[in-house]
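For the record, the sequence lines run as chains G and P.
Just add 758 to the spot in the first sequence (first one is 1) and you have the working numbering.
Just add 758 to the spot in the second sequence (first one is 1) and you have the working numbering.
Check each hint, because a few of them may be wrong.
Same chains, same names: a pair is fine if it fits in one copy or spans any two.
Simulated pairs of lysine-lysine, DSSO-like, Cα-Cα distance not exceeding 27 angstroms [what the hints assert, rightly or not]: (1) K860 to K823; (2) K889 to K823; (3) K794 to K776; (4) K811 to K760; (5) K794 to K889; (6) K823 to K836; (7) K860 to K760; (8) K823 to K765; (9) K939 to K814; (10) K860 to K814; (11) K794 to K939; (12) K794 to K761; (13) K939 to K776; (14) K760 to K939; (15) K860 to K776; (16) K836 to K889.
In short, the hints are calculated from the structure, not lab data.
There are 2 protein chains.
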Amino acid sequence: MKKFEEKTIRSNPIFQGKIINVQVDEVVLPDGNTSKREIVRHPGAVAIIAVTKDGKIVMVEQYRKALERSLVEIPAGKLEPGEDPAVTAERELEEETGYRTKHMEYITSFYTSPGFADEIIHLYYAEQLEKVENPLDGDDDEFVELYEITLEEALQFICDKRIHDAKTVFAVQFMQLLGQKQS
Amino acid sequence: MKKFEEKTIRSNPIFQGKIINVQVDEVVLPDGNTSKREIVRHPGAVAIIAVTKDGKIVMVEQYRKALERSLVEIPAGKLEPGEDPAVTAERELEEETGYRTKHMEYITSFYTSPGFADEIIHLYYAEQLEKVENPLDGDDDEFVELYEITLEEALQFICDKRIHDAKTVFAVQFMQLLGQKQS
Numbered sequence: 759m760k761k762f763e764e765k766t767i768r769s770n771p772i773f774q775g776k777i778i779n780v781q782v783d784e785v786v787l788p789d790g791n792t793s794k795r796e797i798v799r800h801p802g803a804v805a806i807i808a809v810t811k812d813g814k815i816v817m818v819e820q821y822r823k824a825l826e827r828s829l830v831e832i833p834a835g836k837l838e839p840g841e842d843p844a845v846t847a848e849r850e851l852e853e854e855t856g857y858r859t860k861h862m863e864y865i866t867s868f869y870t871s872p873g874f875a876d877e878i879i880h881l882y883y884a885e886q887l888e889k890v891e892n893p894l895d896g897d898d899d900e901f902v903e904l905y906e907i908t909l910e911e912a913l914q915f916i917c918d919k920r921i922h923d924a925k926t927v928f929a930v931q932f933m934q935l936l937g938q939k940q941s
Numbered sequence: 759m760k761k762f763e764e765k766t767i768r769s770n771p772i773f774q775g776k777i778i779n780v781q782v783d784e785v786v787l788p789d790g791n792t793s794k795r796e797i798v799r800h801p802g803a804v805a806i807i808a809v810t811k812d813g814k815i816v817m818v819e820q821y822r823k824a825l826e827r828s829l830v831e832i833p834a835g836k837l838e839p840g841e842d843p844a845v846t847a848e849r850e851l852e853e854e855t856g857y858r859t860k861h862m863e864y865i866t867s868f869y870t871s872p873g874f875a876d877e878i879i880h881l882y883y884a885e886q887l888e889k890v891e892n893p894l895d896g897d898d899d900e901f902v903e904l905y906e907i908t909l910e911e912a913l914q915f916i917c918d919k920r921i922h923d924a925k926t927v928f929a930v931q932f933m934q935l936l937g938q939k940q941s
């Protein structure tokens with residue numbers, strides 16, 4: 759048995775959406791009592807820390823309906839079923855930024871909201887970016903603006919809360935750490 | 759008008775849970791077309807990077823039903839309605855770890871999953887921890903195991919995927935950066 763495992767008595771499907779599914783599981787707790795767990799299923803995603811040849815970080819601004827505001831974020835996108843995250847990362851980089859590279863490496867993965875969702879983000883680092891002449895099209899319902907910003911500008915964007923999501927704050931910190939290692 | 763704003767035509771409530779609410783909004787995109795946005799509402803949370811007097815990071819292992827496994831995470835907890843996050847941070851530190859401190863400072867905040875959820879985590883740094891004799895009780899349905907680990911152990915936990923969520927990976931990176939600034 760896994761540590762503190764919560765065995766499912768019954769799983770109640772609530773909602774099947776285009777992006778998320780929602781269910782409520784009735785579980786037995788380690789002390790024998792029962793409880794309910796509200797769970798959001800998500801296909802997972804990739805995100806890319808993409809650095810231009812002049813050392814700037816590529817960012818994408820887009821409207822986030824859940825927050826009723828736009829955010830500046832590193833390029834990211836959802837996994838297609840069964841797709842290798844490295845393939846998704848290459849596709850999303852091209853679709854969202856018009857860049858390709860032969861120098862993409864995997865950094866780490868993390869769950870974003872383990873308390874209620876199974877979304878995982880696989881994070882990649884890309885450099886030596888090359889502009890594509892006719893890049894792949896993105897999703898029809900995505901409107902984005904591109905930025906290429908320095909690390910100092912990115913830190914200012916965090917202060918201004920224009921950068922304000924976990925993967926992008928992590929990415930900026932990653933670049934800070936990389937800079938310190940190299941200096 | 760906000761950049762790339764998506765005006766709501768209709769908001770359809772799907773689910774009202776104990777922790778999350780789910781809705782589907784029909785929106786008008788910037789090009790005049792319409793689309794649907796699946797949105798999870800969450801009360802928000804705090805998380806605490808808590809460092810003991812001998813320089814170890816306090817971690818909590820608990821079962822995460824959405825992932826069907828346990829994770830090692832920094833202490834965290836949901837906001838009560840209208841509650842000042844600094845108050846939540848003090849309470850959750852005591853409930854989950856049995857520690858109190860007069861030395862807690864705010865670091866930053868971030869949205870965890872802006873693509874579909876409005877959950878925000880407010881992150882605090884706590885040091886000079888003091889053990890409380892009779893700490894506040896935690897939630898009835900939470901079963902946790904405490905660890906106090908070094909930064910090197912935390913990095914190993916990331917390699918082993920025992921630490922595998924955004925806020926905790928961010929916290930470990932924060933401690934790395936702090937260590938480099940101090941050295």
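Tested hints:
In the homo-oligomer, the alpha carbons of K860 and K823 never lie at most 27 angstroms apart, since the shortest distance is 34 angstroms inside one protomer and 38 angstroms across protomers. For the identical chains of this complex, K889 and K823 are neighbours neither inside a copy (30 angstroms) nor across copies (43 angstroms), given an alpha-carbon limit of 27 angstroms. Both within a single protomer and between protomers do K794 and K776 lie at most 27 angstroms apart by alpha-carbon distance, with minima of 24 angstroms and 9 angstroms respectively. For a Cα distance limit of 27 angstroms, the shortest separation of K811 from K760 qualifies neither inside one copy, at 47 angstroms, nor across copies, at 32 angstroms.
Neither within a single protomer nor between protomers do K794 and K889 lie at most 27 angstroms apart by alpha-carbon distance, with minima of 50 angstroms and 32 angstroms respectively. Taking identical chains as interchangeable, the C-alpha atoms of K823 and K836 lie at most 27 angstroms apart whether they share a chain (17 angstroms) or sit on different chains (22 angstroms). Taking CA atoms no more than 27 angstroms apart as the test, K860 paired with K760 passes in neither setting, with 41 angstroms inside one copy and 37 angstroms between copies. Taking the shortest alpha-carbon separations for K823 and K765, only the inter-copy value of 9 angstroms comes in at or below 27 angstroms, while the best intra-copy value is 35 angstroms.
Both within a single protomer and between protomers do K939 and K814 lie at most 27 angstroms apart by alpha-carbon distance, with minima of 17 angstroms and 23 angstroms respectively. Taking CA atoms no more than 27 angstroms apart as the test, K860 paired with K814 passes inside one copy only; the shortest distance there is 18 angstroms, against 40 angstroms between copies. Taking CA atoms no more than 27 angstroms apart as the test, K794 paired with K939 passes in neither setting, with 46 angstroms inside one copy and 44 angstroms between copies. When the C-alpha separation of K794 and K761 is checked against a cutoff of 27 angstroms, the pair qualifies only within one copy, where the shortest distance is 18 angstroms, while the shortest distance between copies is 39 angstroms.
When the C-alpha separation of K939 and K776 is checked against a cutoff of 27 angstroms, the pair qualifies neither within a copy, at 42 angstroms, nor between copies, at 45 angstroms. In this homomeric assembly, K760 and K939 never come within 27 angstroms of each other (Cα to Cα): the closest approach is 38 angstroms inside a single copy and 39 angstroms across copies. Within a single copy, K860 and K776 get their C-alpha atoms no closer than 32 angstroms, and across copies no closer than 47 angstroms, so neither meets the 27 angstroms cut-off. In the homo-oligomer, the alpha carbons of K836 and K889 lie at most 27 angstroms apart inside one protomer (22 angstroms), although the nearest pairing across protomers, at 44 angstroms, exceeds that limit.
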